[in-house]
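Undergrad: Using the working numbering, read the sequence shown as starting at 4 and increasing by one per residue.
It is worth saying that the hints were derived from the structure and are not from the lab. A few of these clues could be false.
What the hints assert, rightly or not - Derived CB-CB ranges, DEER-like:
no.	residue 1	residue 2	range
1	Asp112	Tyr73	22 to 28 Å
2	Glu65	Leu155	44 to 50 Å
3	Glu90	Glu207	15 to 21 Å
4	Glu48	Gly68	45 to 51 Å
5	Ser53	Thr174	34 to 40 Å
6	Val211	Arg127	47 to 53 Å
7	Glu191	Lys36	31 to 37 Å
8	Arg133	Glu177	32 to 38 Å
9	Val184	Asp111	35 to 41 Å
10	Gln119	Glu48	16 to 22 Å
11	Gly77	Arg183	28 to 34 Å
Said to hold, decoys possible - Below, in silico cross-link-like pairs of lysine to aspartate or glutamate (EDC-like), each with a Cα-Cα straight-line distance of 20 Å or less:
no.	residue 1	residue 2
12	Lys214	Asp24
13	Lys40	Asp24
14	Lys109	Glu90
15	Lys40	Glu67
16	Lys214	Glu67
17	Lys36	Glu82
18	Lys109	Asp130
19	Lys214	Glu28
20	Lys36	Glu87
21	Lys109	Glu199
22	Lys214	Glu177
23	Lys36	Glu180
24	Lys109	Glu86
25	Lys109	Glu177
We treat Cβ as the ideally placed atom computed from N, Cα and C, and that holds for glycine.
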Amino acid sequence: MNEWQLNNSPILQTRGGYVADRLREAILRGQLKPGQKLDQNEIAEHLNVSRSPVREALRTLEAEGLVQVYPHRGAVVAELSAEEVAEISQIRVVLEGMAARLAAPKLDDERIATLQAVLDELNRTTDLDRWVTLNRRFHHTIYRAANRPRLLSLIQNLRNTMAPYIRQYITTAEHIEIARVGHQRILEACIARNPEQLQFETEEHIRVVYKEVIATGQTPQPELF
Numbered sequence: 004m005n006e007w008q009l010n011n012s013p014i015l016q017t018r019g020g021y022v023a024d025r026l027r028e029a030i031l032r033g034q035l036k037p038g039q040k041l042d043q044n045e046i047a048e049h050l051n052v053s054r055s056p057v058r059e060a061l062r063t064l065e066a067e068g069l070v071q072v073y074p075h076r077g078a079v080v081a082e083l084s085a086e087e088v089a090e091i092s093q094i095r096v097v098l099e100g101m102a103a104r105l106a107a108p109k110l111d112d113e114r115i116a117t118l119q120a121v122l123d124e125l126n127r128t129t130d131l132d133r134w135v136t137l138n139r140r141f142h143h144t145i146y147r148a149a150n151r152p153r154l155l156s157l158i159q160n161l162r163n164t165m166a167p168y169i170r171q172y173i174t175t176a177e178h179i180e181i182a183r184v185g186h187q188r189i190l191e192a193c194i195a196r197n198p199e200q201l202q203f204e205t206e207e208h209i210r211v212v213y214k215e216v217i218a219t220g221q222t223p224q225p226e227l228f
């Protein structure tokens, strides 16, 4: 794990929460890859903590779907099968479509301006880390407007689980263009404050990206409703 580029300075939270945040960040940034073994001793040494908060962090990330813990074998970054990617995408279609529909009438001019600014920067950036961050900010700005904290938490966990695969997908100009078109259609639905249109464009965006993610792999593509 020498490639980690993390800030390991102390912050005001539990040590287990601190370790979970650092590992989550490394997974979402692609520094820790799906299937990669997570050595508790190495993590503890790297972050200057004991093994106890590392174990706590791994349990937290296991509950979020980012880590898989095996008895007598240790922990690895979660590696999803094609069927699991399909299942997560199906759930995302339902939850994110619902959040988008609820958010549409609550998108005031300030939020629309924020979405436009984020999307403008997203379309300009050539830095993958920045693209991933802005992409998350764009979608979450919409979903937060729904004012459904539990729904947002579920969506965030599912999107985090898929993040390593989305990151691998956004590697060509063609894929970036597909995402750009979807984002533009979502923004137009936001500007119209049209619940049905925003729900449709959000759901379609997830379906299109799902098909592209599966197409970049070597496993058969399960059907997505």
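Undergrad: Any hints from earlier that this structure breaks? Give me their numbers in increasing order, please.
TA: 1, 2, 4, 6, 8, 9, 10, 11, 12, 14, 16, 18, 19, 23, 24 and 25
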